[in-house]
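For the protein sequence lines, the chains are U and D, in the order given. Just so we're aligned, residue 3 is where the first sequence starts under this note's numbering, counting upward by one. Just so we're aligned, residue 38 is where the second sequence starts under this note's numbering, counting upward by one.
Sample of chain D residues facing chain U (criterion: CB under 10 Å; computed from the structure):
{"no.": "1", "residue": "K46"}
{"no.": "2", "residue": "F106"}
{"no.": "3", "residue": "L130"}
{"no.": "4", "residue": "I134"}
{"no.": "5", "residue": "I137"}
{"no.": "6", "residue": "L178"}
Simulated from the structure, these hints should not be mistaken for laboratory data. The structure presented is a predicted model; accordingly, all values stated were derived computationally and were not measured. Beta carbons are placed, not taken as given, at the ideal position from N, Cα and C, and that holds for glycine.
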Amino acid sequence: MAGYTLFLLIASMSLFNMEENSSKAMLSLLNIVLIIVPLISLIFSTIHYYNSYEFIELMLSQPMSRTKILLSEYGSVSFSLLFSFLIGVGVPVLIYSFDATGMAMLFTGSALTMIFSSIAFFASVKSRDKARGIGSVLLLWFYFALIYDGLILMILFTFSDYPLEKLTLLLSALNPIDLGRIFIMLKMDISALMGYTGALYKDFFGSGSGIMFTIGIMLLWALIPLWLTVRAFKRKDL
Amino acid sequence: MIRVDHITKRFRKLQALDDVTASFSKGQVISLIGPNGSGKTTLIKTILGMVRPDSGKIYFDGKPINGDFEYRRNIGFMPQMGRYPDNMKVGQLFRMIKNIREVGDEEIDDELIIKLNLQAIYDKPMRTLSGGTRQKVSAALAFLFNPEVLILDEPTAGLDPLSSEILKAKVISEKNKNKLILITSHILSDLDELTTHIMYLQDGKMQFLKDLRTLQDETGEKRIGKAIARIMKQEKLRPIRFEDILVLKGENQDH
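Put together the whole structure using the sequences plus the hints.
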């Protein structure tokens with residue numbers, strides 16, 4: 003955990019120091035936030051769950067509700083990941099780039115941390131075997147970070163004759179990483195590069211309702227897996 | 038006190054419990070016996086709510102347990118293999134469980150901690166403890182809160198003779214306080230002095246639940262081991278231990 007904090011801190015500090023233009027540094031940092039944060043959150047939460055399996059068993063023979071046990075496990079791991087992120091990325095961002103983009107980045111990173119630890123818990127509660135749990139979590143990461151974008155591109159190419167702006171907006175909500183990426187990019191004034199779609203995005207995400215939409219979807223992405231996890235855990239045989 | 042009502046549980050191919058119905062009340066010491074994999078531990082875990090039965094209900098003090106957890110306040114459980122967080126120290130473990138149970142020091146029963154001399158290892162992490170020492174910790178934890186019901190899964194396995202005797206003496210003194218005690222064990226000679234009732238499970242089915250006196254009268258044997266072996270012969274049940282096989286063979290030669 004300390005290593006994760008240190009890594010984020012060193013990475014973001016050096017990015018800000020190497021680029022004279024802080025918005026360029028933000029762009030590089032964006033990729034770290036969108037790729038590394040979900041990966042670490044997934045793997046760390048999964049390992050944490052399997053390592054505390056004995057502890058969970060012990061707690062279950064005590065007068066404790068299953069929901070409480072699971073939520074405290076989730077809380078302990080996700081909040082320490084969140085804390086690491088806020089120290090590692092939050093502090094440099096506040097120092098070098100304290101503006102709307104920076105804030106959007108911090109919000110996205112925090113939301114992704116909570117979302118992916120809740121997804122990791124879902125995968126680990128569902129599979130009894132440790133290797134299978136970690137494997138499925140890695141697959142999920144590949145899907146959200148890489149495969150999903152490929153699929154969207156494919157759809158866009160295939161149906162390029164049709165107006166798809168609304169659809170892509172909807173599709174982006176189905177992947178928290180994409181949603182976060184668009185949300186930050188639009189704050190960076192590079193949406194002009196994205197043509198007509200970018201303009202539509204800017205219209206939508208720039209507005210107050212767009213921000214609410216993003217926050218709401220991110221919240222759903224964290225809460226729905228967590229709810230499913232609690233449900234599965236209540237029925238699980240230990 | 039505890040009523041098990043038509044409990045059935047299946048783990049994929051294995052029928053762990055098959056329509057088990059039984060009733061346990063205060064002042065009884067029930068010995069759960071049966072071959073390996075006959076469903077003893079599953080039954081215990083079902084009573085503790087760690088395993089959810091496919092059908093059937095369990096009543097604790099007349100109330101059905103159904104995802105409820107407060108009733109566990111009245112149960113002390115000693116698992117077959119006590120597994121604890123590696124980095125936690127023995128003293129921390131005791132303190133933490135005390136915090137969870139929210140009981141005052143006056144209600145604590147630390148007789149086993151003292152007799153098994155566990156204070157000496159309070160600052161040792163759990164991962165450095167041997168299997169037997171872990172068992173001692175588990176035993177002390179089960180008895181710590183003076184619960185009305187004690188569930189002991191293979192309590193004497195892995196304990197040295199001295200500690201085993203201390204534990205047995207403790208079980209007897211708790212039994213005299215009119216508590217319900219459930220024990221599983223393969224060491225039938227250990228149960229001789231403790232038990233009041235025998236419950237025999239095989240392949241998830243309950244074969245019988247009888248009190249010791251009836252069992253002794255029916256079989257004409259004083260010792261549990263021999264009595265069980267005789268019943269197994271009558272009802273063509275599988276033997277539990279090597280000695281049972283010898284008894285069965287000896288019986289055959291007599292005829």
